[in-house]
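*Asks:* Line by line, the protein sequences are chains R and L.
Under the numbering used here, the letters of the first sequence match residues 49 to 429, in that order.
Under the numbering used here, the letters of the second sequence match residues 2 to 309, in that order.
Note that these hints are calculated values from the structure, not bench results.
Nothing here was measured: the structure is a model prediction, and the numbers come from that model.
We put the beta carbon where it would ideally sit given N, CA and C, even for glycine.
It cannot be assumed that every hint is accurate.
[Claimed, not checked] Result set (DMTMM-like, lysine to aspartate or glutamate): computed pairs, CA atoms no more than 20 Å apart in a straight line:
#1 R:Lys88 / R:Asp242
#2 L:Lys108 / L:Asp204
#3 L:Lys108 / R:Glu280
#4 L:Lys108 / R:Glu282
[Claimed, not checked] Quick list of the computed label-pair ranges, beta carbon to beta carbon:
#5 R:Trp160 / L:Arg298: 30 to 40 Å
#6 R:Phe184 / L:Ser290: 15 to 25 Å
#7 R:Leu168 / L:Ser7: 52 to 62 Å
#8 R:Trp160 / L:Ile258: 40 to 50 Å
#9 L:Ser199 / R:Ala68: 50 to 60 Å
#10 L:Ser290 / R:Pro75: 42 to 52 Å
#11 R:Leu370 / L:Arg298: 37 to 47 Å
#12 R:Pro75 / L:Thr236: 29 to 39 Å
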Amino acid sequence: MTESRVLPRKDLIAVLIFAALILLVLPLALEPFRLNLVGKYLTYGFVGLGLVLCWGDAGILSLGQGIFFGLGGYCMAMFLKLEASTPEATKIQSTPGIPDFMDWNQLTALPWFWRPFHSLAFTIAAVPLVPALLAFVIGLAMFKRRVGGTYFAIITQAIAAILTILIIGQQGYTGGVNGITDLRTLLGWDIRTDHAKLVLYFVSGGLLIACLLAAQLVRRSKLGRILVAMREREDRVRFSGYDVANFKIFVFCVAAALAGIGGAMFTLQVGFMSPSFVGIVPSIELVIFAAVGGRTSLLGALYGTLLVNWAKTTFSEDLPQLWLFAMGALFIAVVVAFPNGLAGLVQDSLAPVLARLRPQRAELRPTAPTVVDAAEQGGVR
Amino acid sequence: MFMGYSFGDLGSILAMQGFAGLVLFSVFVLMALGLAIIFGQMGVINMAHGEFMILGAYVTYLCSRLFAAYLPGAFAFYFFLAIILAFCASGLLGMAVEWALIRHLYKRPLDTLLATWGLSLILQQVYRSVFGAREVGVELPGWMMGSTHLSEQIEIPINGLIVMALTTLITLAVYLLIFRAGWGRQVRAVTQNRAMASAVGIDTERVDRLTYGLGCGIAGIAGSAFTMIGSTSPTAGQLYIVDTFLVVVFGGAQSLIGTIASAFTISQARSTMEFFLSGSMAQVLVLLSVVGILMLRPQGLFVLKVRR
Numbered sequence: 049m050t051e052s053r054v055l056p057r058k059d060l061i062a063v064l065i066f067a068a069l070i071l072l073v074l075p076l077a078l079e080p081f082r083l084n085l086v087g088k089y090l091t092y093g094f095v096g097l098g099l100v101l102c103w104g105d106a107g108i109l110s111l112g113q114g115i116f117f118g119l120g121g122y123c124m125a126m127f128l129k130l131e132a133s134t135p136e137a138t139k140i141q142s143t144p145g146i147p148d149f150m151d152w153n154q155l156t157a158l159p160w161f162w163r164p165f166h167s168l169a170f171t172i173a174a175v176p177l178v179p180a181l182l183a184f185v186i187g188l189a190m191f192k193r194r195v196g197g198t199y200f201a202i203i204t205q206a207i208a209a210i211l212t213i214l215i216i217g218q219q220g221y222t223g224g225v226n227g228i229t230d231l232r233t234l235l236g237w238d239i240r241t242d243h244a245k246l247v248l249y250f251v252s253g254g255l256l257i258a259c260l261l262a263a264q265l266v267r268r269s270k271l272g273r274i275l276v277a278m279r280e281r282e283d284r285v286r287f288s289g290y291d292v293a294n295f296k297i298f299v300f301c302v303a304a305a306l307a308g309i310g311g312a313m314f315t316l317q318v319g320f321m322s323p324s325f326v327g328i329v330p331s332i333e334l335v336i337f338a339a340v341g342g343r344t345s346l347l348g349a350l351y352g353t354l355l356v357n358w359a360k361t362t363f364s365e366d367l368p369q370l371w372l373f374a375m376g377a378l379f380i381a382v383v384v385a386f387p388n389g390l391a392g393l394v395q396d397s398l399a400p401v402l403a404r405l406r407p408q409r410a411e412l413r414p415t416a417p418t419v420v421d422a423a424e425q426g427g428v429r
Numbered sequence: 002m003f004m005g006y007s008f009g010d011l012g013s014i015l016a017m018q019g020f021a022g023l024v025l026f027s028v029f030v031l032m033a034l035g036l037a038i039i040f041g042q043m044g045v046i047n048m049a050h051g052e053f054m055i056l057g058a059y060v061t062y063l064c065s066r067l068f069a070a071y072l073p074g075a076f077a078f079y080f081f082l083a084i085i086l087a088f089c090a091s092g093l094l095g096m097a098v099e100w101a102l103i104r105h106l107y108k109r110p111l112d113t114l115l116a117t118w119g120l121s122l123i124l125q126q127v128y129r130s131v132f133g134a135r136e137v138g139v140e141l142p143g144w145m146m147g148s149t150h151l152s153e154q155i156e157i158p159i160n161g162l163i164v165m166a167l168t169t170l171i172t173l174a175v176y177l178l179i180f181r182a183g184w185g186r187q188v189r190a191v192t193q194n195r196a197m198a199s200a201v202g203i204d205t206e207r208v209d210r211l212t213y214g215l216g217c218g219i220a221g222i223a224g225s226a227f228t229m230i231g232s233t234s235p236t237a238g239q240l241y242i243v244d245t246f247l248v249v250v251f252g253g254a255q256s257l258i259g260t261i262a263s264a265f266t267i268s269q270a271r272s273t274m275e276f277f278l279s280g281s282m283a284q285v286l287v288l289l290s291v292v293g294i295l296m297l298r299p300q301g302l303f304v305l306k307v308r309r
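Chain R with its partners taken away, still in its complex shape (with noise of 0.2 Å):
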């Protein structure tokens, strides 16, 4: 394979396809309620990107990312809080100008970690670097001691446990288990209409697309290699003269500042952020998602998301009670039958036929080192 371009043709046919879909198909063939619902689910997709880098490629599991998404989401929810909670549409509070439910929990000031976020700058910036410096510092105490594996599986779903707790514990400076509702203006465009929800659709489409993008950028440089090889050989990486930490340490903040960009794209389509979307379940279920469609793939865990989400909304709509028993028989046997997900059934299966098709192409065709099975060789950890 000599390609010298960042994006192969391959690839980006592929990534194409993706944008036509989310872009165009879905926003002519649904009615708005559906597309809303598809923008949700696009949102975690960024999660999912994250993931992929992370989890598939560098082998860490995170069972936190549930966290990021929250901060992300947060940091969002308390900017149009604070928007909506002008002194004239709080008069009737003991304390105008402070959000509805501190005044419920008798606060009579802001607190001061609500105050940045009046400015929209601020908070923009603070939608990935949060959890991001939050990441860092998980990771820097992890990775530099070389907890790995299962050790920090436990340790960040304990952690995504204590934000949860917290959350909840302090009302009067949370929001508590309701979260922050009633969102209304976003620098006085109301994001409750229709047509709004249609053009922050568009915008969480095209930011996907965009973070898609860097996230191919980031694994096809010298620096995705070095997280594959890391995944399979740690020590040898390190013998190499590489400081494996470093390299984990930023995969983990990439994959947090998505989830963080996940997260505030959330608030703004579905209106509210509360503590259920941070806990250890809904940090699970993203993993899921990413793993039913390939950890392994971009993309594959793009179309992981959606199909879930689609089936888990169908289901639960119409037979309720079957729906758990279809998500747990599908983890199960998507982890013990097909540990690459939807993109490696359709890797093993369409590959060979499209090869047939094109024959004077295939033996350019690269035999793919980041889909190779890496599990059934023992090799993740």
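Given chain R's structure and the hints, the job is docking chain L onto it.
*Replies:* Only chain L this time, still in chain R's reference frame:
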């Protein structure tokens, strides 16, 4: 936060909260013992452990209903049968799960986590379909209720005492099984060096299956004990799973003594703080300090040398 309490009051508060902590400790130990055996020996993360516990709780509930309906004369003693049945039910289910699911995933420990999570979803829905979504409580026989007075201010509930006695008994039995019996020697051999154990003729697959069954069975007993201090709902197991994992990791994954010590530390710290702070803040503080200590000492409190 100590304002307004006299010295004697503080003493009895500490004693009573300490006792509440001991009961919590007992349930933790029963949960964590099974988890530690499974995690320590096989490296498998069993996310469905809470659901195995709840299975034990539901078996106990069924037992109490059956005794109340058909054998009211023997109702006082149904609990002993319930414990045995809970152990068998959870243990057998565990062995079946190991055979059908876990043994295919030994080389991929992170994937066992996802697969057992799927299993836990299925089990939760099974419980919900069979027993309903509402919490069920077990009626305790008369001799298990009430409390004894140690002094005027210190009250000790009897069901707590029974839970503690049960825990001591099970822990002793596990200790004897693992450290004194021939089968335990095989388990320890597999834990320390799987390849060599297999080379000297130990049937590692059989040991794995029985160990997984034993771990799940102990979870069933934990569920049985759990019915005495709380009510059972399909999702109750999930509330305990993270705490239990932290107990196991904090104690050092391969060390049973470490597991007991860390269960003691965590439960005592939590219940003592719970009296002075709100429950959620106590939990946050304890979890935070455990995570902090684990970052400084990732291998846990007690370490057993293991060849991987």
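*Asks:* Confirm or reject each hint.
*Replies:* Going through the hints against the structure:
1. Restraint check: the Cα-Cα separation between Lys88 (chain R) and Asp242 (chain R) comes to about 14 Å, which is no more than 20 Å; the hinted pair holds.
2. Taken as a hint, the Lys108 (chain L) and Asp204 (chain L) pair is honoured in the structure, with Cα atoms around 18 Å apart against an allowance of 20 Å.
3. For the proposed pair Lys108 (chain L) and Glu280 (chain R), the alpha carbon gap of about 13 Å is at most 20 Å, so the pair holds.
4. Straight-line distance between C-alpha atoms of Lys108 (chain L) and Glu282 (chain R) comes to about 17 Å, which keeps the hinted pair within the 20 Å bound.
5. Our hint of 30 to 40 Å for Trp160 (chain R) and Arg298 (chain L) holds, since their Cβ atoms are close to 34 Å apart.
6. For the hinted restraint 15 to 25 Å between Phe184 (chain R) and Ser290 (chain L), the CB-CB distance of approximately 21 Å keeps it satisfied.
7. At about 55 Å, the beta-carbon gap between Leu168 (chain R) and Ser7 (chain L) stays in the expected band of 52 to 62 Å.
8. For Trp160 (chain R) paired with Ile258 (chain L), a C-beta distance near 46 Å keeps the hint of 40 to 50 Å intact.
9. A hinted range of 50 to 60 Å holds for the C-beta pair Ser199 (chain L) and Ala68 (chain R), which are about 54 Å apart.
10. Taken as a hint, the range 42 to 52 Å holds for the pair Ser290 (chain L) and Pro75 (chain R), whose Cβ atoms sit roughly 50 Å apart.
11. The hinted range of 37 to 47 Å is satisfied by Leu370 (chain R) and Arg298 (chain L), whose Cβ atoms lie roughly 45 Å apart.
12. Taking the beta carbon of each, Pro75 (chain R) and Thr236 (chain L) are about 38 Å apart, inside 29 to 39 Å as hinted.
Of the numbered hints stated above, none is contradicted by the structure.
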